[in-house]
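A.B. asks: Each chain is listed here by its residues.
2 protein chains.
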Amino acid sequence: MPAAWAQGTAAWEDQTKLPRSPEIHPDRTVTFRLFAPGAREVLLVGTQIDAATHGPKALTKDDKGVWSVTVGPLEPGSYVYGFSVDGGIKSPDPANPDMEPRRWGQTSYLEVPGDKPLAQQRRAVPHGTVHISAYDSKSLGMTRSVYVYTPPGYEQSTAKYPVLYLLHGAGQTEDAWISIGRANIIMDNLIADGKAAPMILVMPYCHLVRAWADEPKMSSAAADEAIEKDVVGDVRPLIEGDYRVLTDRDHRAVAGLSMGGGIAMSIGLHHPELFSSIGSFSGSVRYRPELEKVDGAALNAKYKLLWVGSGTEDPHFDTNKTIADLLDAKQARHVFRTSPGAHVWPVWQLNFSEFAARLFRN
Amino acid sequence: MPAAWAQGTAAWEDQTKLPRSPEIHPDRTVTFRLFAPGAREVLLVGTQIDAATHGPKALTKDDKGVWSVTVGPLEPGSYVYGFSVDGGIKSPDPANPDMEPRRWGQTSYLEVPGDKPLAQQRRAVPHGTVHISAYDSKSLGMTRSVYVYTPPGYEQSTAKYPVLYLLHGAGQTEDAWISIGRANIIMDNLIADGKAAPMILVMPYCHLVRAWADEPKMSSAAADEAIEKDVVGDVRPLIEGDYRVLTDRDHRAVAGLSMGGGIAMSIGLHHPELFSSIGSFSGSVRYRPELEKVDGAALNAKYKLLWVGSGTEDPHFDTNKTIADLLDAKQARHVFRTSPGAHVWPVWQLNFSEFAARLFRN
Chain A
3 MPAAWAQGTA AWEDQTKLPR SPEIHPDRTV TFRLFAPGAR EVLLVGTQID AATHGPKALT
63 KDDKGVWSVT VGPLEPGSYV YGFSVDGGIK SPDPANPDME PRRWGQTSYL EVPGDKPLAQ
123 QRRAVPHGTV HISAYDSKSL GMTRSVYVYT PPGYEQSTAK YPVLYLLHGA GQTEDAWISI
183 GRANIIMDNL IADGKAAPMI LVMPYCHLVR AWADEPKMSS AAADEAIEKD VVGDVRPLIE
243 GDYRVLTDRD HRAVAGLSMG GGIAMSIGLH HPELFSSIGS FSGSVRYRPE LEKVDGAALN
303 AKYKLLWVGS GTEDPHFDTN KTIADLLDAK QARHVFRTSP GAHVWPVWQL NFSEFAARLF
363 RN
Chain B
3 MPAAWAQGTA AWEDQTKLPR SPEIHPDRTV TFRLFAPGAR EVLLVGTQID AATHGPKALT
63 KDDKGVWSVT VGPLEPGSYV YGFSVDGGIK SPDPANPDME PRRWGQTSYL EVPGDKPLAQ
123 QRRAVPHGTV HISAYDSKSL GMTRSVYVYT PPGYEQSTAK YPVLYLLHGA GQTEDAWISI
183 GRANIIMDNL IADGKAAPMI LVMPYCHLVR AWADEPKMSS AAADEAIEKD VVGDVRPLIE
243 GDYRVLTDRD HRAVAGLSMG GGIAMSIGLH HPELFSSIGS FSGSVRYRPE LEKVDGAALN
303 AKYKLLWVGS GTEDPHFDTN KTIADLLDAK QARHVFRTSP GAHVWPVWQL NFSEFAARLF
363 RN
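Protein chains in written order, with our numbering: chain A, 3 to 364; chain B, 3 to 364.
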């Protein structure tokens, strides 16, 4: 090893060795590349990518140590992916600046454009702002951060806005709905198209600690409950103090994906005085016992919109369907939104778009 | 490969295989671990880590496929690091949620606590807010984003604040001063201790495009000039429209690290009508020819504070020293701040802290 490391320009930072990756071709095939001269096996992995390529796809190495594979054509849309090198846990693509900085197992992000702009693609419309607020959670005894989206014109206006609390899934962090879900861009586009009311999105962190290895030993239900306390008792006052928000129940909703969908249902069912609409996108169903206790007339009286969504290929599809069946049996008004796809972002983005479009319209 | 991938829970996402990493021991030694059963060589790499460990450090594999190494004791402070597997470009630690999502070659982030809190560590003081504003750059013809820090109390106040434009280095992105530099936390602490005036930090993106592979072919000087136009002509009006900022030159400063330090000097020297103080932390010196043209009396009349900083082990130390020598020869008032360290965040954080503490004090 030469003295390069001492100079802050170590050999492993030689960017001349950085191949272009991903490269999207006009026919929507995509080439992925990784410089790893000593590796024995490099796999392209990632839920949507795996579905498109029928499983992890092996890359092959050229004489310069660059591994590559071309897949597709891929359907227009967004994909998360990574590389698994020599049987390891997936790593992000070092050449791709767009990524999801997850709680563990960070992944890279790719948008394959189509003939018309994707819902999550930037268009020439007014842009909202994303804020990262820090707060001292009394219930959890630590400083945490929450992402907040304010709609276009917020800074110039004096109006107060309705609020949707939007929760991430297991393994993700408070930025997930922004960095990967692109909820801010989706909202900008919906508002520009007159398809959604301008609203504020509040995206709290839904794990108790940062690192998975530090997670306190407790049941998932107990962890959900601690997060509920933080969201209702610590995040909500922060938002209502620092942002111009409407504070009546008619102008407050809660939704989430996967683990966050279950927490959203719990929060909404426990606090009808605070929330008028609830959405669970491929959600966990730990709230089921409580839902069973409430009768349909009460649900209809309390909530404007109860939303259960799931991709039809989601391994949790049947479980989510039992919730929809339960609501049917109770004659409780609800939406059960099914769409093609597994436990993946495109399904959550579709559910978010349609759920948000129905909120705060009167 | 079993059907696990189709269920969105692929084998490479088996978190039971995720080892604890990094693990900081009471004696400030640190153990790093990576699950990579098929790898032949795993190195711990990263400029500050390399300096502390006298070069990339090899990990050894146990019988479960987990590689590990214990290093240190490390000095209290923050470190960036990654793993190089089988000779590849470094990857972040998949078990560590704290990272720098760089333009390429993302790295992980580690804080080794000492007996007293680090300048960049969260304390029980009022917290500012970080904002991500999107804007359509007319000069660059694309939508870009800029990070903005507002000090504690901004949301409740109607006051206008002074502004420091703070630029990142090559390879980094607009979040670098936040995600790794922790400039927001440093400012919170400085303000709480009465060591700095409350101010707004504006952190634009200083590369022309997102991916390194898409960079247009032009000289570094031409790229700097394009960024200068964007910062002065597009970012500045956005900030002055959307944030409560003071807009006279006495309340505007510009600084940056490495590439961004050079751009900051160019911007400041070109626009004395806009900026009253300039800081370059281990900066590139492409502005040198222009500096040579200005006489010392003019510099003294125009600028309250000219700051040149460099780590004494920085490979660019001598180059930065020639700038300080040039200012000496011109009898131009300036600070040349040298401190132990290479081309690394601790040096930039120290320079930022001391530079910010001297701004807007009267």
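Hints listed in this document are in silico derivations from the structure and should not be mistaken for laboratory results. Careful, some of the hints might be misleading.
Because identical chains share one entry, a pair is satisfied inside a single copy or across any pair of copies.
[Unchecked claim] Subject to a maximum C-alpha distance of 27 Å in a straight line, what follows is the list of computed DSS-like cross-link-like pairs (lysine-lysine):
id	residue 1	residue 2
1	K59	K19
2	K19	K219
3	K323	K306
4	K66	K162
5	K231	K63
6	K66	K219
7	K140	K118
8	K197	K59
9	K323	K59
10	K140	K59
11	K306	K197
12	K19	K306
13	K323	K304
14	K332	K219
15	K323	K295
16	K59	K332
A.B. asks: Looking at the structure, which of the earlier hints fail to hold?
C.D. replies: 4, 5, 8, 9, 10, 12, 14 and 16
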